[in-house]
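**Q** Chains as they are written, first to last, in UniProt numbering: chain D, 1 to 897; chain X, 1 to 118.
You may find that some hints are simply not true.
[What the hints assert, rightly or not] Derived lysine-lysine pairs resembling DSBU-like cross-links, with alpha carbons at most 35 Å apart:
#	chain 1	residue 1	chain 2	residue 2
1	D	520	D	647
2	X	64	X	98
3	D	647	D	511
4	X	64	D	34
5	X	112	D	34
6	X	98	X	112
[Claimed, not checked] Per label pair, the in silico range of CB-to-CB distance:
#	chain 1	residue 1	chain 2	residue 2	range
7	X	71	D	80	29 to 37 Å
8	X	99	D	24	32 to 40 Å
9	X	88	D	124	38 to 46 Å
10	X	104	D	64	46 to 54 Å
11	X	71	D	64	43 to 51 Å
12	D	90	X	65	20 to 28 Å
[What the hints assert, rightly or not] Rough simulated footprint, nothing fancy, chain D against chain X, three-plus residues with beta-carbon under 8 Å:
#	stretch
13	28-41
14	77-89
15	92-104
FYI, nobody ran anything at the bench for these hints, they're computed from the structure.
Since the model is a prediction, treat every value here as computed from it, not as a measurement.
Ideal placement from N, C-alpha and C gives every residue a C-beta, glycine not left out.
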Amino acid sequence: MLRLLDRFRAAWRNSRSGLDDELRFHMQQSIEQKIASGMSPAEARRSALIEFGGIEAARETTYRLRPGWLLECFADDLRYALRGFRRAPGFAITTIAILTLGIGATTAVFSVVDPILFRPLPYSHGDRLVSLGISQSLERQEFALGGFFFDWQAAQRPFVSLTYDRAYDRNPNECGLTEATPIQLHCDPVPQSFLPTLGVNPILGRNFLPEEDLPRGPHVAILSYALWNSRFHRDPNILQRTIDLDETPTRIVGVLPANFEMPRLQPFDLLVPAQLDPAAQHTVNSGIGVPMWLTARLRPGVSIEQARAEMQPLFLHTQQWIPAPIRSDFHLVVRPLRDRQMQDSYRAAWILLVAVLFVLLIAGANAASLFSARGAARQRELAVRAALGASRRRILMQSLTEALLLVLAAALAGCALAFALLRIFLYIAPTSIPFLAQARIDLRVATVAILTALLCASFFAVVSTLEPPRLAALTAHKSAGSSRLRIRHILVVAQIAVSLVLASGAVLLVKSFRNLEAQKLGMTTHGVISVQVDLNWYRYRTSQAYRDFYLRAEAALRSLPGITNVALTDSLPPDDNSWHQGTRYDAMHVMGQPPSRQTSQDAVIVRNVTPDYFLILQIPIIAGNNFTDTESNANARHFILNALLAKRLFPNGNAVGQRIQFVTDNPKAAPEPDPTIDIIDGVAADVKNAGLSGQESPEYYNLRGRGDTGSPDNGSSWNGHFLFVLSSQVPASSIAAAIETRIAAIDPMTPVTIQPLDEMVYRLADRPRFEASLLSFFALMGIIMAIVGLYGLTAYLTTQRTQEIGIRMALGAGRVRILRLITWQGARLILLGVGIGTCASLSLTHMLRSLLFEVAPRDPETLIAVTLLLVCVAFLAMVIPVRAAILVEPVTALRCE
Amino acid sequence: MPRAESNQSSDLLQGTLDLLVLQTLALEPMHGWGVAQRIQQHSGEVLQVGQGSLYPALHRLEYKGWIKADWQSSENNRRAKFYSLTAAGRRRLATELKEWDRLSSAIALVLKAGEAKV
Numbered sequence: 001m002l003r004l005l006d007r008f009r010a011a012w013r014n015s016r017s018g019l020d021d022e023l024r025f026h027m028q029q030s031i032e033q034k035i036a037s038g039m040s041p042a043e044a045r046r047s048a049l050i051e052f053g054g055i056e057a058a059r060e061t062t063y064r065l066r067p068g069w070l071l072e073c074f075a076d077d078l079r080y081a082l083r084g085f086r087r088a089p090g091f092a093i094t095t096i097a098i099l100t101l102g103i104g105a106t107t108a109v110f111s112v113v114d115p116i117l118f119r120p121l122p123y124s125h126g127d128r129l130v131s132l133g134i135s136q137s138l139e140r141q142e143f144a145l146g147g148f149f150f151d152w153q154a155a156q157r158p159f160v161s162l163t164y165d166r167a168y169d170r171n172p173n174e175c176g177l178t179e180a181t182p183i184q185l186h187c188d189p190v191p192q193s194f195l196p197t198l199g200v201n202p203i204l205g206r207n208f209l210p211e212e213d214l215p216r217g218p219h220v221a222i223l224s225y226a227l228w229n230s231r232f233h234r235d236p237n238i239l240q241r242t243i244d245l246d247e248t249p250t251r252i253v254g255v256l257p258a259n260f261e262m263p264r265l266q267p268f269d270l271l272v273p274a275q276l277d278p279a280a281q282h283t284v285n286s287g288i289g290v291p292m293w294l295t296a297r298l299r300p301g302v303s304i305e306q307a308r309a310e311m312q313p314l315f316l317h318t319q320q321w322i323p324a325p326i327r328s329d330f331h332l333v334v335r336p337l338r339d340r341q342m343q344d345s346y347r348a349a350w351i352l353l354v355a356v357l358f359v360l361l362i363a364g365a366n367a368a369s370l371f372s373a374r375g376a377a378r379q380r381e382l383a384v385r386a387a388l389g390a391s392r393r394r395i396l397m398q399s400l401t402e403a404l405l406l407v408l409a410a411a412l413a414g415c416a417l418a419f420a421l422l423r424i425f426l427y428i429a430p431t432s433i434p435f436l437a438q439a440r441i442d443l444r445v446a447t448v449a450i451l452t453a454l455l456c457a458s459f460f461a462v463v464s465t466l467e468p469p470r471l472a473a474l475t476a477h478k479s480a481g482s483s484r485l486r487i488r489h490i491l492v493v494a495q496i497a498v499s500l501v502l503a504s505g506a507v508l509l510v511k512s513f514r515n516l517e518a519q520k521l522g523m524t525t526h527g528v529i530s531v532q533v534d535l536n537w538y539r540y541r542t543s544q545a546y547r548d549f550y551l552r553a554e555a556a557l558r559s560l561p562g563i564t565n566v567a568l569t570d571s572l573p574p575d576d577n578s579w580h581q582g583t584r585y586d587a588m589h590v591m592g593q594p595p596s597r598q599t600s601q602d603a604v605i606v607r608n609v610t611p612d613y614f615l616i617l618q619i620p621i622i623a624g625n626n627f628t629d630t631e632s633n634a635n636a637r638h639f640i641l642n643a644l645l646a647k648r649l650f651p652n653g654n655a656v657g658q659r660i661q662f663v664t665d666n667p668k669a670a671p672e673p674d675p676t677i678d679i680i681d682g683v684a685a686d687v688k689n690a691g692l693s694g695q696e697s698p699e700y701y702n703l704r705g706r707g708d709t710g711s712p713d714n715g716s717s718w719n720g721h722f723l724f725v726l727s728s729q730v731p732a733s734s735i736a737a738a739i740e741t742r743i744a745a746i747d748p749m750t751p752v753t754i755q756p757l758d759e760m761v762y763r764l765a766d767r768p769r770f771e772a773s774l775l776s777f778f779a780l781m782g783i784i785m786a787i788v789g790l791y792g793l794t795a796y797l798t799t800q801r802t803q804e805i806g807i808r809m810a811l812g813a814g815r816v817r818i819l820r821l822i823t824w825q826g827a828r829l830i831l832l833g834v835g836i837g838t839c840a841s842l843s844l845t846h847m848l849r850s851l852l853f854e855v856a857p858r859d860p861e862t863l864i865a866v867t868l869l870l871v872c873v874a875f876l877a878m879v880i881p882v883r884a885a886i887l888v889e890p891v892t893a894l895r896c897e
Numbered sequence: 001m002p003r004a005e006s007n008q009s010s011d012l013l014q015g016t017l018d019l020l021v022l023q024t025l026a027l028e029p030m031h032g033w034g035v036a037q038r039i040q041q042h043s044g045e046v047l048q049v050g051q052g053s054l055y056p057a058l059h060r061l062e063y064k065g066w067i068k069a070d071w072q073s074s075e076n077n078r079r080a081k082f083y084s085l086t087a088a089g090r091r092r093l094a095t096e097l098k099e100w101d102r103l104s105s106a107i108a109l110v111l112k113a114g115e116a117k118v
């Protein structure tokens with residue numbers, strides 16, 4: 001290979017000298033002819049030379065015709081560029097580093113936010129789909145009820161179609177495939193209009209027929225692709241099959257596409273016809289109808305605002321039907337389906353995107369000023385080359401080659417960085433952000449980032465060479481035009497301003513995150529293990545069956561070595577609980593007191609617990625007594641209030657022993673003939689119970705009695721899911737296997753989830769941790785780049801003025817004086833940048849408001865600290881090169897260049 | 001020093017020069033000097049081919065495969081590069097000649113029409 005290359009090169013050189021020989025021969029012939037015609041040899045030679053014109057030019061022109069000429073030029077340029085980089089590695093390394101950061105960060109962040117912000121919904125024209133319904137303080141996610149849905153469906157005008165899927169009450173819509181090997185599935189009941197509204201067609205079979213969606217219709221189902229794949233091995237004859245669903249033979253009529261998902265991203269394995277009876281919706285569920293989630297397709301040309309306005313009369317009509325005291329608490333919600341899916345991930349994603357765009361801005365400004373500085377520094381070199389006969393095109397090509405080389409290196413490094421960053425992002429990302437786990441490096445994004453960098457670099461390379469090489473540049477030491485200097489000043493100011501905004505945002509988030517971590521939970525999490533079991537409901541048909549399981553499991557866990565205590569609860573703080581477990585504050589009436597005048601729609605959290613719950617979590621009972629196991633009986637419910645609720649219900653104290661009566665909101669429900677008597681046993685200290693960042697909510701604990709009354713209304717039914725809370729002396733990891741074995745001994749089919757409580761709490765802080773660490777990372781990068789930019793500019797300017805400094809010093813100016821002179825110029829830039837940055841962050845950080853916890857978006861402390869820090873670092877970056885310059889001996893400075 | 005872009009200034013004549021070179025080489029293989037001399041002689045000293053455009057033209061024709069070159073001894077026993085027409089060059093010459101005839105007769109027609117008017 002090498003030898004071949006050598007031969008190639010030899011042939012090349014040969015042809016070069018061949019041309020010279022040819023031209024020499026021509027010249028000799030010409031001279032000989034002239035001598036023959038009578039000229040003296042000297043004169044003949046002179047005249048021949050004149051006749052010939054520029055030998056070098058002829059040679060060059062001929063040369064350029066060679067097929068490989070461009071390639072040869074490129075190779076030359078490449079060699080030249082590499083030599084240049086080796087001579088001034090600072091420029092090359094800085095440029096590559098900055099572009100790498102820019103390309104890497106943009107690609108990684110865009111790959112993360114792309115599925116959140118821009119993922120196309122897997123429905124036809126998904127952007128025309130909206131989620132609508134009513135919301136209230138107990139349930140902020142819009143929902144609807146069967147009681148009014150059919151009125152809305154009949155009278156609405158802004159939508160092509162309006163459909164629903166059944167919202168589940170407390171647990172997912174579970175159903176069991178009761179065949180040879182039974183499994184538990186999610187069956188989502190939907191109407192016949194569901195798939196047509198979404199614009200989805202089954203890949204096999206068909207949608208439900210209208211007659212299949214009628215009450216007491218046939219049992220049919222549509223499979224998800226995943227279930228078809230895993231359970232039925234993509235059997236093409238699946239449509240002829242009948243499966244046993246909850247022990248009912250059900251015919252399969254279709255299979256959905258692989259990318260299908262439910263509009264609210266809830267898990268699903270099967271769709272079954274909802275088979276709702278519009279008339280019956282006024283009687284079931286205390287007359288309000290079943291809860292459901294609505295999805296609608298906008299008519300062409302109708303905007304969301306128009307749709308909301310057109311739905312308003314229908315909503316007002318529905319509102320009449322809500323009891324007066326809480327009527328005003330309900331609102332109509334119409335919003336894009338995508339918003340409903342993404343919730344507050346949206347804001348985090350946008351902030352991330354804005355942050356990375358800022359970083360890109362700084363990187364761009366930095367690269368621009370670097371190229372511009374290099375261009376200025378090379379004025380002389382370019383002028384020399386032009387004088388030696390380099391064409392404008394040749395010089396341009398050379399500059400472009402340099403830019404291309406730098407960007408290519410940065411692109412490679414940037415892609416590697418993007419991969420690494422994405423891995424880190426995914427590692428620290430909270431699981432609550434949908435689709436994040438599926439984020440992949442987007443090649444399109446990488447390409448765009450690299451092209452942008454290339455464009456940027458080429459632009460500045462071209463700009464720096466386009467300026468006609470001035471003769472002055474050959475002789476003078478002067479810097480380039482002042483316009484270019486001004487551009488560089490602006491770039492530095494912009495960088496400082498942008499990094500100030502980034503840094504203050506990051507510090508706010510970090511501060512908020514630390515507040516979140518540092519706050520008191522009101523309970524202990526150390527050494528507490530939660531054990532969650534999901535019972536297959538079709539195997540536990542009665543409350544009795546559930547109770548048997550839970551009590552046996554509790555006894556089994558209690559006997560484990562290392563476990564000191566076991567309690568049962570239906571949920572654990574500090575996680576936010578769903579509204580189905582809550583009640584409303586003004587539904588609680590103290591017996592013997594007049595009903596409170598003021599209405600309050602605050603939610604009250606209800607938790608069903610066994611007495612040991614308070615011991616395990618070390619929640620102190622501050623008044624009265626803890627529950628006792630013997631208290632449970634059918635006629636009285638025992639309560640423990642949290643301090644917050646006790647204070648509101650009994651401002652004068654002495655809550656213990658009082659009785660509470662619950663009034664129902666729904667006038668249609670029959671009045672309770674014999675209201676249960678609810679006795680307050682005690683008051684427990686407050687616990688963080690509405691998420692880590694939420695305000696503590698009023699809460700009461702309900703004694704989970706060991707008896708079984710079988711009545712679901714009085715809260716003592718065992719139906720549903722419970723958690724075991726274990727007080728353990730050994731780490732969860734070492735006892736997990738033993739716990740699983742004990743549970744499996746009672747029911748081998750039941751999946752068990754074991755998690756230490758500290759880990760659960762830690763996970764809750766995942767999102768703020770994610771946001772804070774990402775923004776800090778970007779801010780750090782931004783600041784570093786801005787400082788590098790400032791340092792580069794000052795160093796460059798100082799070098800340019802070395803001679804001037806020498807003259808001044810020779811004339812007797814003191815070093816301090818010169819230092820002050822040069823520093824003042826930079827200081828103006830820094831102050832200007834900081835001023836702009838402060839204004840910008842004052843107006844921009846309110847974007848973060850919803851992400852902050854116990855920190856004001858305009859926290860003066862933060863702003864001052866960040867500003868001071870930035871000013872200090874910037875001054876340092878400026879003073880170092882200036883100091884180096886003035887320490888030079890005046891004679892050396894004068895001789896420079 | 002401003003650069004003379006010899007390539008550009010002779011653009012108009014380029015096609016014509018190619019034709020002249022091909023035609024000259026059709027007679028016998030020749031070196032560059034000979035080609036220049038021959039064109040000058042045959043044109044009655046009207047057409048003087050500058051070396052600045054002759055050698056680029058020769059090399060261009062060579063790269064295109066219309067002429068080929070080899071080193072031989074010249075009349076006065078010097079090593080010189082002799083160019084000769086290839087088969088492709090012969091075909092090219094035929095089309096160029098036809099093209100030239102068409103062009104010159106067209107120009108002649110235009111000029112004649114102008115004469116008649118005047």
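**Q** Take the hints in turn and mark each one as holding or not.
**A** Hint check results:
1. D:520 / D:647: holds, 20 Å
2. X:64 / X:98: holds, 20 Å
3. D:647 / D:511: holds, 32 Å
4. X:64 / D:34: holds, 34 Å
5. X:112 / D:34: Roughly 43 Å separates the two Cα atoms, so the pair is violated.
6. X:98 / X:112: holds, 21 Å
7. X:71 / D:80: 29 to 37 Å: At 34 Å between Cβs, range holds.
8. X:99 / D:24: 32 to 40 Å: holds, 35 Å
9. X:88 / D:124: 38 to 46 Å: violated, 60 Å
10. X:104 / D:64: 46 to 54 Å: violated, 31 Å
11. X:71 / D:64: 43 to 51 Å: violated, 23 Å
12. D:90 / X:65: 20 to 28 Å: At roughly 50 Å between Cβ atoms, residue 65 (chain X) and residue 90 (chain D) fall outside 20 to 28 Å, so the hint is violated.
13. 28-41: That given contact holds, which follows from 4 residues of the stretch 28-41 of chain X lying within Cβ reach (below 8 Å) of chain D.
14. 77-89: holds (count 4)
15. 92-104: violated (count 0)
Checked against the numbered hints listed earlier, the structure breaks hints 5, 9, 10, 11, 12 and 15; every other hint is satisfied.
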